[in-house]
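The residues making up each chain are set out below.
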Amino acid sequence: MSDRQFGFQTRALHAGTPPDGESGARALPVHLTTSFVFDSSDAAAELFALRSYGNIYSRIGNPTVAAFEEKLASLEGGLGAVATASGLAAQLCAVLSLAQAGDHLVATSNLYGGTVTQFSVTLQRMGIATTFVPAGDIDAVRAALRETTRLVYTETIGNPSGDIADLAALAAVAHEGGVPLVVDNTFATPYLCRPIEHGADIVVHSATKFIGGHGTVLGGAIVESGRFPWGAGHHPLLTLPSPGYHGLNFVDTFGEYAFLTRARAEVLRDVGASLSPMNAWLLVQGLETLALRMPRHVANAEIVAAFLAAHEAVDWVSYAGLPASPQRALAERYLPRGAGSVFTFGLRGGREAGRALIDALELWSHVANVGDAKSLVIHPASTTHQQLDEDALRAAGVRPEMVRLSVGLEDADDLLWDLERALAVAATAVRA
Amino acid sequence: MILETLAQRGALLRRARTIAVVGASANQSRPSYFVFSFLRTGGRYEVTPINPVLKDGIDGIAAFPSLEAYAAERGAPDVVDVFRKPDEAPGVARSAVAVGAKAIWFQYGVINDDAIRIADEAGLDVVVDRCIKVETARFDGSLALAGINTGLITARRRS
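Chains as they are written, first to last, in the numbering used here: chain A, 1218 to 1649; chain B, 149 to 307.
Note that these hints are calculated values from the structure, not bench results.
Misleading hints may appear alongside valid ones.
[Stated by the list, open to error] Reference listing, derived: stretches of chain A covered by chain B, where coverage requires no fewer than 3 residues with Cβ under 8 Å from a Cβ of chain B:
(1) 1222–1231
(2) 1274–1284
(3) 1297–1311
(4) 1585–1598
Where a beta carbon is used, it is the ideal one built from N, C-alpha and C, also for glycine.
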């Protein structure tokens, strides 16, 4: 064993996936099993009481899922991770690990529409209130903090607005209020940005996107830094006696592991939104090549964005990777390797031109997803964000004519060929 | 020597056979019970509670009232694991030195500069603000099953 600090790509290949101890298998085995045989009654009792680590039941943990968790935690620079069935499950489990009925969250408003709905409808019905504040308004975050606030929530790269979060400033204002900063890092991935290095305390992912990378499986994860002082008095769920575990106090008993232990042993256990071992295996395959795929995603996105910005039929392009973007300074600070490959643009022909464009595309797939190896396109106002009213749409940075692209790994020339064609069709459609 | 690295802590845990847990509790909700029980049931170490209020020991393991009483019967422990308030840590460190312990392990929050200095200057291996349960689990492979970033990178098969 060595104390060498290994690089990102080496950890992407090796962290969490040593050769299998039982068989010597070099590839990660898929442990497709619901349950695990106990060594003895005493050993089972130790596991159930959280006094030892090991396998019980795949709803709580599974060796293949754990390999994914450790690999992702290593790449994010976190203490550990808890994998979930989807990105929304990761958010829910992160929130429920810290908040209960009567508690409060502060979130930036430029979030994925599904997240806004989860917070403003489902969590609201569970008695957890959320105050949404304009992205980039640090004073508004400070003003929204209450005695019952348990966390501040944002996205590294807002979906679909493309706003870049000022992570260090948000972390500072959250910490002033005694609460952690939770960051959805889905669009950036740990290859482009590691929020924990900028002061964030918890990172959540929809691993469905660039981590899986091939549009194959759903998955999510919560990563925690291990640095937040959970025992400072703002998070009673981690410091009051747990009725489910003989009255134990998570902070006293598990120290820096308090949050991760509760997230798994109480919240994931009870919510049941666990990641399938098969999906975890595919997500591990995705992580192994993340650092090879992301530069190509970024390079193609920069080519496509520059093409659109120069096209006469295009009214505007919102991509932080463009030199003229108002997000450029934040992008250079937090995303020096590139601003990702998901961005939006609007056509001069407005909403109708946008629809005509999407229907005329041959190579870009019209789907409600991002982060596939294949290039994707969608009209958010009529699909992913249709549940939001006009005000919420504006707050989320969604304009009616907005088209969202997720630029894949194809030959860039072919992507431009298809866009050029479809833009001409769209212009004709609007004139007709 | 203060052990700062993973490799140093791993080597200590491989060398050790006997662990005296100062402040071990029989109360099942206490962290010291968690650690004692984990070490006892793991079977790798001979683990003994050191606590003057424990008349009946813990889970069938007899307790000693002090490190001195333990050492008089069993000899010097390889590791003294400390669950005491920080201001009581220097006294434990002096006892550990006096009985010839090879290492002292201060659990989460048991941070006292005098105690660290006393043990370090006497030549003991010293671990501070870590959990011996977590570190044992890191090296036996079980911590990884909890999704923890163990920091262990190897293409060798675990022996």
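Original post:
Among the hints numbered above, which are violated by the structure, and what are their numbers in rising order?
Top reply: 4
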